[in-house]
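Participant: Going by the working numbering, the first residue of the sequence shown is number 80, and it counts up by one from there.
No lab work stands behind these hints, which were simulated from the structure alone. Owing to the predicted nature of the structure, the values given are computational and were not obtained by experimental measurement. Do not rely on the hints blindly, as some may be mistaken.
As the list claims (entries may be wrong) - Each computed BS3-like pair below joins lysine-lysine, with the alpha-carbon atoms no more than 27 Å apart:
1) LYS441 to LYS106
2) LYS348 to LYS196
3) LYS564 to LYS191
4) LYS342 to LYS191
5) LYS120 to LYS564
6) LYS191 to LYS106
7) LYS441 to LYS191
8) LYS120 to LYS342
9) LYS120 to LYS106
10) LYS348 to LYS542
11) LYS564 to LYS342
12) LYS196 to LYS441
13) LYS120 to LYS441
14) LYS391 to LYS106
15) LYS542 to LYS191
16) LYS120 to LYS542
To be verified - Taking CB as the label site, the calculated pair distances span:
17) ILE210 to PHE149: 30 to 38 Å
18) ASN548 to PHE149: 21 to 29 Å
19) LEU375 to GLU178: 45 to 53 Å
Using N, Cα and C, we set each Cβ at its ideal position, and we do this for glycine too.
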Amino acid sequence: MLASAITFILYITILIVIGIVTYLRAKSYSDYTLAGRSNNKWVAAISAESSDMSGWLLMGLPGAAFAGGFSSIWIMIGLIFGTMLNWMYVANHLRIATEVYNVYSITEYFEKRVNDKSGSVALVSGIAIIIFMIINASAEIIGSGKLLNATFGLNYSTGIVIGLVIVVLYTFLGGYMAVSWSNLFQGSIMFLALLFVPLAVLTEIGGYRQTVESLFQQNPAFFQFFNGETEFFPAMSIALGGLGVGMCYFGMVHVLTCFMSIKNSSEIKDSTFIATTWVSISTLGAVLVGMIGAYLFPDISDPEQIFFAMGKNYFPPYMLGLFAAAVMAAILSSVSAYVIVAAAAFGANIVKNHVKGMDDSKIVNFQRAAVVVISLLAFLMSLKSDLVFAVALLAAAGLGSSFGPLVLFCLYSRNVNKTGAIASIIVGLVTVIFWYYSGLSTYIFELVPGFIASSAALIIGTKLGGGVNAETIAQYDIYIDRLNKARGGCNKK
């Protein structure tokens, strides 16, 4: 236990050191909010994916594979292709667009893209982002409490306080720069753990043959892609539920922020390969952990603890700290991203727009204060641990529906105005909430109707709002020209 504790403390120490080092560098509003657009291809790619996957990668996905077997392949496909398409069709466009519009947060981009001088678009989007990020952060903090309880015997309340203090420390100090570099470190731990653990356990138990034969005898449907469903609609519900996860990516503002932070858009092609490879191998490892766990621990009370159970049962005791660090890395990489994006929304929408006479250093101080306040709000929500995980899943669909269509239209179409943008955000959010609480999510994942309704609201709202003025079109054309130059002179879209 002592060796495990030392390993875990070393992991925490590295995070705090990253916070201190980046604090010395992150002085300006650009540095604190967007790492001064200085992230290289490795930092941008791995930071984006580790912040996206969260503790769900080492807990939720293995749990889904434990229960669903081969049907979890649809989730894998959704995650892999969602990641790849987001990097291919959003990353480069957004990186160039935010530089052309001279903005450092996604809410500032929406505001300037639709030429909204009233600040209403930034306010609506900022409020939605802050709410979603608080909900998501609270769910991850719950995971930290459960992890430390299972690993070191700490009670739940002490565990969530420790998780909260760690993430506030390095995020408060270094801002997005600290988040980016700590997520590179944590994403590497997650990747290596999910690559090594299932292979090592399979070797230990003598290969996969006995595992497959035993699971097939217990439940043949375990190896069917639709989990034994033979009717069309239930089978399609399983497939769409998994594939629909990929549609969330276009609205995941914490991932979009990583695109904005990359130093050179020319590196995005390499980042796309790095990110897709990371996600492909990591999700495959997580699914293997769940399926092997169904054979080794068929009676486990909480399937989301399978990764940790493997660590305790098949590896030396001194390695327990490494497994705890891997799970905590998955958790904290997301919490820090959620908190800093919410703080950036606060700084861009409230302070920068509505408080006059603020220089960069004062805005950064307000954002640091926001990091603390937002983290405390997430902590308060995490006390209601029985409700937050379900709400967090809903928040992911809400992000995808509220912001996904708006991001794509802003990057690929001239025809977006203030009315359309606000309608898209609100209708996407309301549709997802209605669909979820009406019970219709049993049949179709709530993101799908939310995305469609949000897109329709954007088109209709833009027309009802009088279309797009000449000034907005002129600025959009500057962005397109810059994009074409970066791509070698492609035709205008």
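Participant: Each hint needs a verdict: does it hold in this structure or not?
Facilitator: Right, here's what the structure says about each hint:
1. Taken as a hint, the LYS441 and LYS106 pair is honoured in the structure, with Cα atoms around 10 Å apart against an allowance of 27 Å.
2. The hinted pair formed by LYS348 and LYS196 fails the criterion: a straight-line CA distance of about 35 Å is larger than 27 Å.
3. This hinted pair checks out: LYS564 and LYS191 have alpha carbons roughly 22 Å apart, not beyond 27 Å.
4. With a C-alpha separation of about 22 Å, the suggested pairing of LYS342 with LYS191 holds against the 27 Å cut-off.
5. With a C-alpha separation of about 21 Å, the suggested pair LYS120 and LYS564 falls inside the 27 Å cut-off, and the hint holds.
6. Simply put, LYS191 and LYS106 have alpha-carbon atoms about 25 Å apart, close enough for the 27 Å limit, and the pair holds.
7. As the CA atoms of LYS441 and LYS191 are separated by approximately 23 Å, the hinted pair is consistent with the 27 Å bound.
8. As the CA atoms of LYS120 and LYS342 are separated by approximately 8 Å, the hinted pair is consistent with the 27 Å bound.
9. Between LYS120 and LYS106 the alpha-carbon distance is near 23 Å, which keeps this suggested pair within the 27 Å criterion.
10. Taking the CA atoms of LYS348 and LYS542, the gap is near 36 Å; set against the 27 Å cutoff, the hint is violated.
11. A C-alpha spacing of about 17 Å is found between LYS564 and LYS342, which places the hinted pair at or below 27 Å, so the restraint holds.
12. The suggested pairing of LYS196 with LYS441 holds, with an alpha-carbon distance near 23 Å, which does not exceed 27 Å.
13. Restraint check for LYS120 and LYS441: not satisfied, since their Cα atoms lie roughly 30 Å apart, outside the 27 Å limit.
14. At most 27 Å may separate the alpha-carbon atoms for a hinted pair to count; LYS391 and LYS106 exceed this at roughly 43 Å.
15. Under the criterion of a C-alpha separation no larger than 27 Å, the hint pairing LYS542 with LYS191 is consistent with the structure, at around 19 Å.
16. Among the hinted pairs, LYS120 with LYS542 is inconsistent with the structure: their alpha-carbon atoms are about 39 Å apart, more than 27 Å.
17. Under the hint 30 to 38 Å, the C-beta atoms of ILE210 and PHE149, about 36 Å apart, fit the expected range.
18. The hinted window of 21 to 29 Å between ASN548 and PHE149 is violated, with their beta carbons roughly 53 Å apart.
19. Taking the beta carbon of each, LEU375 and GLU178 are about 50 Å apart, inside 45 to 53 Å as hinted.
Hint violations for this structure: numbers 2, 10, 13, 14, 16, 18, all remaining hints satisfied.
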